[in-house]
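Asker: Given these sequences and hints, build the entire structure.
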Amino acid sequence: MQSKALFALATTIVAASAKNILLTNDDGWAATNIRALYRDLKAAGHDVIMVAPAEQRSGYGGKFQLDSSNTLQYDTLFSYPPAGSPSWGHEEDDLNVWYYNGTPAACVAVGLDYIIPTYFNNISVDLVVGGPNEGNNLGERDFVLSGTEGATFYAVERGYPAIAFSGANSNNSFFKDNLDTDPNHAPNIYSKKSVELIQALFEKQGDNPRALPLATGLNVNFPVAGSDLESDCLDPPYYQSRFTGSDYVPYAIAYNESTGLVDWANAETGTLDVAAAGDSSLPAEFNVVNGCASSITVFTLDPDAQKSAVDQIIGNFQSLLA
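In terms of mature numbering (1 follows the signal peptide of the UniProt record, and there is no 0), the sequence shown is residues -18 to -1, 1 to 304.
Hints are not guaranteed to be accurate.
In silico DSS-like links for lysine-lysine, alpha-carbon gap of 25 Å or less [said to hold, decoys possible]:
1) Lys186 <-> Lys1
2) Lys24 <-> Lys186
3) Lys186 <-> Lys158
4) Lys186 <-> Lys174
5) Lys24 <-> Lys45
6) Lys24 <-> Lys158
7) Lys174 <-> Lys1
8) Lys174 <-> Lys24
These are calculated hints, taken from the structure and not from any lab test.
Fair warning: this is a prediction, and the values are worked out from it, not measured in the lab.
Answerer: Spelled out as structure tokens, the structure:
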């Protein structure tokens, strides 16, 4: 009798803490990382609706691109789905797992404005999650390039709490070949750490209407981890970070006289040491994930400079302003 009572209590707690999550990425709906997180968020008791690109859409940033055809004109990555399939659809055995042939930001919009109202009684979305991306998204440059971060930024712009997760396993693998339950494999480590952070946010949220303040989001990166990546890092702890800092150096190029080509180089500029906002004492994301550690950076929608800098600059041409 006591065990039944405890089970009933546990079931009630899970039900009470269940949230509605919209899940997306930029590697495509068939990627292993996103399928691992979908599985584990559902196992944690959440209602998850996944709407992700039909194909690989890395590097599209926040571009908003919709499909102009009702059918796919070519095979997608892993031919899943193949050419001739509808431009959007869902798994035959799971109405909660959708693809759309558009950019990551467009997938979020399709989820919020069409799929959820049409198929899920227009439920309220508590959190939008991007990733885990196959490959890290570090620093302010990736922030404007990454499709995973672009989708997350768009969700925040729409008024939703959102988190972008990215891992160092940039192998772009097909979930039907690579998804397993080995706790020491990278997709499962990244998924476990993602769920850990999401659960902590929801628990702290309590009765508040939002998991994160309006117009803010999180950028999270995981290091090389897991036996499949030949790493003994299996549970990388979280550290607060910032996008830029002295540990990050911008790219440059250098001409190679031997090959007649240009190669990668670094540009020592000092610009990224300037902390226009936030805590300048925090380590850069690059530095955190160099070890067995995960980085969390808080971002806001507004990229405007601080008022003191604005006043100084605008003063140079104040007479030209209407």
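Asker: Determine for every hint whether it applies to the structure shown.
Answerer: Hints versus structure:
{"no.": "1", "hint": "Lys186 <-> Lys1", "verdict": "13 Å, holds"}
{"no.": "2", "hint": "Lys24 <-> Lys186", "verdict": "20 Å, holds"}
{"no.": "3", "hint": "Lys186 <-> Lys158", "verdict": "35 Å, violated"}
{"no.": "4", "hint": "Lys186 <-> Lys174", "verdict": "18 Å, holds"}
{"no.": "5", "hint": "Lys24 <-> Lys45", "verdict": "29 Å, violated"}
{"no.": "6", "hint": "Lys24 <-> Lys158", "verdict": "18 Å, holds"}
{"no.": "7", "hint": "Lys174 <-> Lys1", "verdict": "17 Å, holds"}
{"no.": "8", "hint": "Lys174 <-> Lys24", "verdict": "12 Å, holds"}
The structure shown violates the earlier hints numbered 3 and 5.
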